[in-house]
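J.: Once you've looked at the hints, dock chain X against the given chain W.
Protein sequence lines, in the order shown, are assigned to chains W and X.
So for the first sequence, this note's numbering puts the first residue at 1; every next one is plus one.
So for the second sequence, this note's numbering puts the first residue at 1; every next one is plus one.
Keep in mind that the hints were calculated from the coordinates and are not lab data.
No incorrect hints appear here.
No farther apart than 35 Å at their CA atoms in a straight line, the calculated lysine-lysine pairs in the DSBU-like style are these:
no., chain 1, residue 1, chain 2, residue 2
1, X, 110, W, 42
2, X, 47, X, 62
3, X, 98, X, 109
4, X, 98, X, 110
5, W, 42, X, 98
6, X, 109, W, 42
Next come the chains, spelled out residue by residue.
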Amino acid sequence: MPGLTIDREVMIEAPVEVVWRTITEPDQITQWFADRVDLVVKPGARGYMGFGEQGGPVVVEVVDPPTRFSFRWNENRGGEPAAGNSMLVEFTLTPDGDERTHLRVVESGHESLDWPDAEKQRYADEHQGGWGEYLDRLAALLGKRQ
Amino acid sequence: MQADDELWSAIADPSRRRVLDLLVGNGEVSASWLAVRVPFSRQAVSKHLVVLERAGLISRRKHGREVLYQVEADRLDQATRAMAELAAQWDRRLDVIKRLAETAHADAKKNQGP
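Same shape as in the complex, but just chain W (with noise of 0.2 Å):
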């Protein structure tokens, strides 16, 4: 179960094919997310990325293309990323016609492992709205009450 969830989408006027490469191919990686990407994009491969000074082991998950692709990583966290200690980052194309291509990332992690299975489901619902919408709301109700 994630414990933390991001959720973003954009709408590119490309095609699904160069979105897809802009987002695996390694030298397009280091010009939107880490500054030294050493990996290869196959399915439980193992690479490395760095920002600045700092990075760490990544594990490639899924690898669909072009339509799906996802990794974790661990930064400053050290081990195998696996569930429970690595954020999980996952990419979906959606082609809209030859020219236009949605794109959805999902980056989720401090995930809690012990939680019964009602309490997923439960999750699952409540999480519909966000979690930027839950801290909102939270913040909107604290301002009313001081």
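T.: This is chain X only, laid out in the frame that chain W set:
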């Protein structure tokens, strides 16, 4: 950025969110007060309060024989801002991806010629 595991996993749990909601909405309250307003046991309430307190999201004080809990607004505010910053970071990355892909596509079309 102060976005640690304890903080996020404390807020992520739906039962703890419910406790947090009640605390935010009602100010200083006791564990027994909370227990009659949630669909889980008094013991579970105590456990959730411990986790929330450890994450710095709530604090307690003794009032006569009672222990009262209240939200730590600063910590909650810090979490909200950390969350917004993470989202903004992805928006910036997606913007760069958009620019790279659109430029590559425009260049490819130009090279193809009419």
